[in-house]
Each structure stands twice: as C-alpha cells, then as structure tokens.
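Undergrad: Since the structure of chain A is already known, use the hints to place chain B on it.
In order, the protein sequence lines correspond to chains A and B. Quick note on my numbering: the first sequence kicks off at 1057 and runs consecutively. Quick note on my numbering: the second sequence kicks off at 526 and runs consecutively.
A couple of the hints might just be wrong.
To list a few chain B residues with every Cβ distance to chain A over 10 Å, as calculated [as the list claims (entries may be wrong)]:
id, residue
1, L575
2, F579
3, F585
4, L602
5, T653
Per label pair, the in silico range of CB-to-CB distance [unchecked claim]:
id, chain 1, residue 1, chain 2, residue 2, range
6, B, L660, A, R1343, 34 to 44 Å
7, B, K631, A, G1159, 44 to 54 Å
8, B, V550, A, R1156, 20 to 30 Å
9, A, P1106, B, A568, 50 to 60 Å
10, B, I544, A, Q1241, 17 to 27 Å
11, A, V1336, B, H577, 52 to 62 Å
12, B, L602, A, P1106, 35 to 45 Å
Read the hints as simulated data drawn from the structure, not as lab findings. In this text the structure is predicted, and so the values were computed from the model without any measurement. Built from N, CA and C at the ideal position, the CB exists for glycine as well.
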Amino acid sequence: MVDSLSYSLQKRILIVLFLLVPIVLLVLFSLYPAGYLVYLSFMSWDGFSPEKTWAGIANYKEVFQTKEIWQAFGHNFVYLIWGLFQNALGLFFALLLNSRLKGRNAYRVMLFMPYIMNGVAVAYMFNYVFNSEYGSFNTLLRGMGLDSLAISWFGSPKAVNHVLGFITLWKFMGLNMVIYLAALQSVPSEIVEAAKIDGASRFQTSMRVVLPNITQVIELNLFLTIIGTLEMFDLPFILTGGGPLGASDTFLTKTIATAFKFNNFGLASAMSITLIALVVVVLGVQRLATRRWSD
Amino acid sequence: MREKAFAPLTLFKHFILWIAVVLIVFPPYVLVMNAFKSKTEFAQTSVFKLPHSFLNFDNFVSVMTRAHLDRAYWNTLLIIVAAVIGNVALGTMVAYVLGRFEFRLKKLIMGTYIALSFVPMITTQVATFTVVKNLHLYNTLWAAIVLNLGTSVLQLFIYLQFLRNIPRELDEAAMMEGASLFRIYRTIIFPLLTPATATIIIIKTINIYNDMFTPYLYMPAQKLTVVSTSLMNFSSERSTEWEMMSAAILMIMVPIIVLYLFFQKYVFAGIVNGAVK
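This is chain A alone, in the form it adopts within the complex:
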C-alpha cells in the first residue's frame, strides 16, 4: 500500500520533471512562434522598431493582390511537375529493386546517396555542372556537336526553374524510392505468389496486386513531394537568389526576402500563414481524393 502510494507520487514528479524542459522548448520555439506568426500577420512591423501597428487584414489583401507573389508561386508548379516525375521514378526503381537482383543493396545505397549530401554543397556542385562556360554539361553538349543547346542555364528565365527542378529530382528521388521499397517489402509474399499462380503477368501483378496494397505509402510520398515543392527554398536561395529578375523566386524565397531583406514582417507573416493554409488544404484534398480512389 505504502509502495503503491509512493509510486503514484513518484509518477507525478517524474511526469513533471521529464516533460518540463521539452515542453518549454516546444512552446518557445514551435508553439509560440506559430501563434506569434498569426499575430504578426495582422500587424504592420519593420522587425526592429518597438511599435507595431494594427493592420487588420491589409497584409492578407496585399498577399492576394501582389502579382509578383503569385508569379513566384507559379514557379513552385514547375517543381511539382518534376516532383511527380521523381515520384514515378522512385516507384519504378523500388519495383526494380524489389526483385531478386545481384547487388541490390549497393544500388539502393548509391541511389539514395544524394539525399544525405549537404544541400549547399550539392547546389554549388550543380552550379558547376550547369555553368555556361566551364560546366561539364555544356562541355558534354558541345562535344556532341550540340552547341546551340549549350545555353546559360541559370541565366535563362525559361530554363532556370526546370534546371532547379531537375536538381531537386536528383537529390530526392532516392528518398521516395527507399520509402516505396520498404512498403513493397511489407506486402505479404503470399498474395503475390497467389496472383502468379492464378496466371497474372508480372505487370498485372504489379498493377493489380502490389500497388493497391501500398496506396497509403503512395499517398504519403505524394504528400511529401507536394509539401516539398510548396516549400521549395534552399536551391533557388543559394544558387540564383531568385534571379534572373525574379524568374526563379518561389513563394518561400519571396517570403524570407520580404521579412529579412525588406523588413516587412507583417506581410511576410501573412505569406507564411497563407502557405501553411495551402499545405493544410493540400493535405485535406489529397486525403479525400485517395480515399475515393481506394474505395
């Protein structure tokens, strides 16, 4: 009796002690900033002056009325196209590696490697690959006699987002692949065997038996990809700074520039909230769509 009493007291003390620091961290660096962001989005503030003035929904109005912001947002869609392609490739390679194949772990390790590489290093590495003069890609093109194709990749407003989209695919395809592969390996081999015995071809087995069993993971990968494209930031930030003339700006590079370059924290906050709202909407729509599809 005494023991159980003391344990229940211990339990209380332990819960408080063990959760104290983590909750302080969570509140300070996640919860409070999220709330403060909402507050700031209704204010007009330059980031350093002591006074913030109430702006109402003016910031949100400005977000929706500023053409450049939505032009930048349009660039995110270029990444989306590459992201969907990246997903398809990830699934394709996962299916390839899910069969008995010599050296499949070595392939998996290689194809996943770009994902763990330092993002800044990867960015500058591709800056070198696509450099118009010394770049290895243009050298290759010229070597094949395709001089007219050897353009300035980061200098062309039309090409720049596709180049950045390609680099994203290069870096993140392995992530999709590894997640798909794990899901494929968890599909019970009995049902695959059963389909084969029933005379299904390899392609039929993949399409009708394996894929329906991993819809949740396809959903997850698509979600990760869409969120990734909405939140595209590092690459254009490091490589082009949004240039030439804003041609490679994304929603987030614009947001960060609005805050830290133009000191318009109110507008930047409203942009952030808009982006978070978009993420939530995408999540909801995708949930609905996949539920309908899998039914």
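TA: Relative to the frame of chain A, chain B by itself:
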C-alpha cells in the same frame, strides 16, 4: 528453364540501374577530376580529364585555410555533440513518460507535437527570430544547439514504437524490487532504447551537418561559421576558381557520405520508420 528466359530481363534491369548510378555519380566525379588540378592545369585541360596527379593536395590545403574550414568543422562538431546529447536525453524522457504513463494532459501534448509538425519550420522563422533575439542567443553557437534540442515527431514515434516492444513486466519486476521510476528509466528503458537512439543520433547528425538556414540566419558572425555557411562565404568570394570550389565542395560533402556508408543500416531504419508510421 524459367530462369534462363528471364536472364535478358535481369540484364536489362542492371542496365537501367547503371544509367541511374552514372547520372548520380557524374557531378561528384567531375569534382574529383578537377579538385586535384592546379590553376593552369584546370585552364588547359578538359573538365573530364584525369589530373596529372591525385597527390596534388594544394587546393585542399589552400581551401582549409582560406575558407577557415578547420573552424567550421569544429563549430559544426560542437553543435552536433551538444545538440545530440541533449536531444537524446530529452527525447527518451518524453517517450518514457508518454509511452508508459496515463495522465490528463497526455493527449493534448501528443496532439500539439503532431499539429506543430505540419507547420513548416522555415515559415515560422520570422517569429522564431524574435524569440532567439530576446533570449540573447543571436550570434552564439547556442542558437543552433537550442533550436536542435527539441524532440521532433519523427523521433517521438521511433522511440514510442521501440518502447512498446519493451515488455512492461521488466518495469514491474524492477518495481517489485523497489527500484524508483527514475532508476527504471535509467537502467532499463534508456539502455533498451539503444537501437532507436543509434538511428536518431545518425539522422540528427546528418540533419545538423546539412542545415544551412539556422546558422545562416542566427549565426552570421565570421567566427561562428559552420560547414554550410563557410562554403557559402567561400563561394561568394571565389565562385570563379572552379578547381578551388571543387576541392571545397568535396571537403564539405565527403564526411557525411563516409558516415552514411558506415551507418547506412541506421539511416534507412530512421527514414523508413519515420515515413511509414
């Protein structure tokens, strides 16, 4: 008979996979080809050509001093060690409490962790920035340490999942012998969570090493540069000296690749667990 019929298919699979491998290796390969060339050698030879000697480390030595990479490695290491130790300690504590006990605010706390994981970290920097400034952490290594201390949902899920597989009978047996709950955490739970902790250490190390935005935003001082920001600084000064840049990029890239090759098991475990749960 069947096996033979599929041999061409297997060959074809290898062929496709090799194309992918070549596409992945090509950019780093070009770096390796050029990082060992002197300035004149670089100007005179094709970017695909082997250097005269792979023993010409001049560029690496020169980058080390000019980009202050020694300092950058050191700062990065300090941040990783401090943040990872704190992160593991706090993460196991949270998991133990949330995984073993029932109490009133438990659902709320779990829900908060999950809900906040949907808020992209980079978007809240506008607000986090003021918090960091008010805590006087701006332009100190503590900014990066503290921002990496908190438990993420991914870690929490990995720990909770492992915790579920530790039989409660172990806790109960220890309680029969009068062990305190803290002792149970320290001598039973924490050691048995080691495989999960190994995964989390590796994933966290990779994340901190690769993070560019936190150090860029919160630690702009020259003496606080980490690997990512030192490469950015070096590039803004010497972006046209490609043989130097090649060496610099490789020096930033290689440590994490080596770590990955040694601990791939844990990396994959972390990625898969985090994603599929």
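Undergrad: Starting from the hint 52 to 62 Å, judge whether the C-beta atoms of V1336(A) and H577(B) obey it.
TA: Cβ of V1336(A) to Cβ of H577(B): about 57 Å, so the range 52 to 62 Å holds.
Undergrad: Within 44 to 54 Å or not, the Cβ separation of K631(B) and G1159(A)?
TA: Taking Cβ atoms as reference, K631(B) and G1159(A) lie about 47 Å apart, which means the hint holds.
Undergrad: Run the C-beta distances from F585(B) to all of chain A and say if the shortest one exceeds 10 Å.
TA: Consistent with the label, F585(B) stays out of reach of chain A, its closest Cβ about 14 Å off (over 10 Å).
Undergrad: Regarding L602(B) and P1106(A), is the given constraint of 35 to 45 Å on their beta-carbon distance met?
TA: Hint holds: Cβ distance 39 Å, inside 35 to 45 Å.
Undergrad: If you check the beta carbons of I544(B) and Q1241(A), does the distance land in 17 to 27 Å?
TA: holds, 24 Å
Undergrad: For P1106(A) and A568(B), compare the CB-CB distance with the range 50 to 60 Å and indicate the outcome.
TA: With a Cβ separation near 55 Å, P1106(A) and A568(B) satisfy 50 to 60 Å, so the hint holds.
Undergrad: Given the hint of 20 to 30 Å, is the C-beta distance from V550(B) to R1156(A) inside that range or not?
TA: holds, 25 Å
Undergrad: Say whether it holds or is violated: L575(B) keeps its Cβ farther than 10 Å from all Cβ of chain A.
TA: holds, 14 Å
Undergrad: Taking 34 to 44 Å as the stated bounds, is the beta-carbon spacing between L660(B) and R1343(A) within them?
TA: holds, 38 Å
Undergrad: Does the claim that L602(B) lies outside the interface with chain A hold up, using a Cβ gap greater than 10 Å?
TA: At about 15 Å from chain A, L602(B) clears the 10 Å cut-off, so the statement holds.
Undergrad: Is the claim that F579(B) lies outside the interface with chain A correct, judged by CB distances over 10 Å?
TA: holds, 19 Å
Undergrad: Regarding the assertion that T653(B) does not contact chain A, is the least Cβ-Cβ distance greater than 10 Å?
TA: Contrary to the label, T653(B) does not stay out of reach of chain A, its closest Cβ about 4 Å off (not over 10 Å).
The structure fails hint 5 only (numbered hints given earlier).
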